[in-house]
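Chemist: Model the full assembly from the supplied sequences, consistent with the hints where possible.
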Amino acid sequence: MNITETRTAAASQPRQGSFIKAVSAVVWKDLQAEFRSRELFSAMLVFSLLIILIFNFALELDVKTRQSVTSGVLWATFAFAGTLGLNRSMAIEKDRGCMDGLLLAPVDRSAIYFGKVISNLMFMLIVEVIVLPVYSVLYSINLFQPGLLLVILLGSIGYAGVGTLLSAMSVQTRTRDILLPILLFPVVIPVILSAVKASGGYLEGLPFEEILSPLSLLIAYDIIFIAVAFMVFDNVVEE
Amino acid sequence: MITVKKLVKRFGLKTVLRGVDFEVQPGEFVALLGPNGAGKTTFLRILASLSRPSLGQVTVAGHQLPHEAAAVRARLGVVSHLPLLYGDLTAEENLRFYARMYGIADSQLRITEVLEMVGLENRRHDLVRTFSRGMQQRLAIGRAVLHDPEVMLFDEPYTGLDQDASAMLDEVLKTVAAKGRTVVMTSHDLARAEDLATRFDILSRGVIAASAKHEELQNSNLLSFYKEALAA
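Residue numbers (our numbering), protein chains in the order written: chain A, 1 to 239; chain B, 1001 to 1232.
I should point out that these hints are in silico values taken from the structure, not numbers from a laboratory. Heads up, some of the hints might be wrong.
[Stated by the list, open to error] Mimicking DMTMM-like on lysine to aspartate or glutamate, the simulated pairs with C-alpha atoms at most 25 Å apart in a straight line are: (1) A:21 <-> B:1150; (2) A:21 <-> B:1068; (3) A:21 <-> B:1092; (4) A:21 <-> B:1113; (5) B:1005 <-> A:238; (6) B:1006 <-> B:1150; (7) B:1174 <-> A:100; (8) B:1014 <-> A:238; (9) A:94 <-> B:1156; (10) A:94 <-> B:1088; (11) B:1213 <-> B:1164; (12) B:1179 <-> B:1189; (13) B:1014 <-> A:234; (14) B:1179 <-> A:100.
[What the hints assert, rightly or not] A short list of chain B residues far from chain A (calculated; beta carbon distances all over 10 Å): (15) 1001; (16) 1005; (17) 1028; (18) 1055; (19) 1080; (20) 1188; (21) 1190; (22) 1194; (23) 1209; (24) 1211; (25) 1221.
[Stated by the list, open to error] Footprint (simulated), chain A over chain B, 3 or more residues, beta carbon under 8 Å: (26) 1043-1051; (27) 1065-1077; (28) 1092-1103; (29) 1160-1167.
We put the beta carbon where it would ideally sit given N, CA and C, even for glycine.
Modeler: As structure tokens, this is what we get:
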């Protein structure tokens, strides 16, 4: 074992990591770890498929009714599966003290928040990309409409934004698994309601003017929630 | 290198630190000893900028906390009883991730160098979750020294290690982590603390109850000094 220390000039002067580099490092780390373990992704995916399968068997629906319940079923599925992912994603940081490792890095702590938001969002989107065609086949509905996909993206951004902040809070408690949904669902209701309304509008083929209102609300909530989370994340993670 | 004045830390109504005064000169190795619940970990977490002081002044490497926390963190390495490593990443990937977080230029060279220092060069492509506790702790030291910090904080680094692993960690701590650096270590292992440290501070009931340099203990041993400090 060579344990003689020979410091390099490169390492002797640490530089403060840039914001973008830190965000991308967190995203890279999350994706790399998940690519290997597939714990988070498989749990979210199996859970999502089970939900839409159960709804499919439970509700014997005609084509028109299917269109009217689709947005609700989809968002219930994404919300519950998303909670699983958020819990697991933050638990990984807590279990081996890795959250402390992140907080010790000389970077703006909001970079950690945005890195986690992006990776959580990517996990949600990957699950959604798989769930949507399965849902389309099971319910005989075309979900691949640009407007609907935009709503799903915006809704997922809002959900991941709020969820990442609240999971950072709940993970510090002993009851983290049950606490996150209790904290998250009341707070994220505006995002989910706007997303359900806008999704329903696209599925029912309503004119854009009628969809504009929930869509605007969804964008506004996304911006507000992420801005608030950005401002308070440092205080949430610090004792 | 580290100056703490009248440090108070409260959690709700409970006061954990009650006006701690503490100073560490460059190159000193201070063992912070004390019973469970004395506030050692809380004190170290404040020095590491992981916790905010309720009252008092804390300066590390010339930067004041909590206002200049990022500058302090760039000059600080922390090893705790948890490895702060990701089990589903390899040893090299873990170090690469932290190198990116610390903005280390030419990280590949430094990662290889650090892995050699802690004796894990041959296991660089293995997942950390396959490592023994001792190997994880050695890699944790590698992670902590990756950016070549001026100040090292060790929080119970021997927790969960058997005798062989502790002996190996001793060597890595002395030759890699502590060499040429300012160190503050909390520990319950008085024998190891006596072997490593140049000064011993006893934290009891939220204050530094006693302090002695290694050479001042020549006529007595650390255990009797520790017991006397707690009894006072």
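Chemist: Against each hint, give a clear statement of whether it holds in the structure.
Modeler: Going down the list of hints, with the structure as the test:
{"no.": "1", "hint": "A:21 <-> B:1150", "result": "24 Å, holds"}
{"no.": "2", "hint": "A:21 <-> B:1068", "result": "21 Å, holds"}
{"no.": "3", "hint": "A:21 <-> B:1092", "result": "18 Å, holds"}
{"no.": "4", "hint": "A:21 <-> B:1113", "result": "23 Å, holds"}
{"no.": "5", "hint": "B:1005 <-> A:238", "result": "21 Å, holds"}
{"no.": "6", "hint": "B:1006 <-> B:1150", "result": "24 Å, holds"}
{"no.": "7", "hint": "B:1174 <-> A:100", "result": "24 Å, holds"}
{"no.": "8", "hint": "B:1014 <-> A:238", "result": "18 Å, holds"}
{"no.": "9", "hint": "A:94 <-> B:1156", "result": "18 Å, holds"}
{"no.": "10", "hint": "A:94 <-> B:1088", "result": "14 Å, holds"}
{"no.": "11", "hint": "B:1213 <-> B:1164", "result": "28 Å, violated"}
{"no.": "12", "hint": "B:1179 <-> B:1189", "result": "20 Å, holds"}
{"no.": "13", "hint": "B:1014 <-> A:234", "result": "23 Å, holds"}
{"no.": "14", "hint": "B:1179 <-> A:100", "result": "24 Å, holds"}
{"no.": "15", "hint": "1001", "result": "16 Å, holds"}
{"no.": "16", "hint": "1005", "result": "20 Å, holds"}
{"no.": "17", "hint": "1028", "result": "18 Å, holds"}
{"no.": "18", "hint": "1055", "result": "15 Å, holds"}
{"no.": "19", "hint": "1080", "result": "6 Å, violated"}
{"no.": "20", "hint": "1188", "result": "19 Å, holds"}
{"no.": "21", "hint": "1190", "result": "25 Å, holds"}
{"no.": "22", "hint": "1194", "result": "22 Å, holds"}
{"no.": "23", "hint": "1209", "result": "24 Å, holds"}
{"no.": "24", "hint": "1211", "result": "26 Å, holds"}
{"no.": "25", "hint": "1221", "result": "29 Å, holds"}
{"no.": "26", "hint": "1043-1051", "result": "holds (count 5)"}
{"no.": "27", "hint": "1065-1077", "result": "holds (count 6)"}
{"no.": "28", "hint": "1092-1103", "result": "holds (count 7)"}
{"no.": "29", "hint": "1160-1167", "result": "violated (count 0)"}
The earlier numbered hints that this structure contradicts are 11, 19 and 29.
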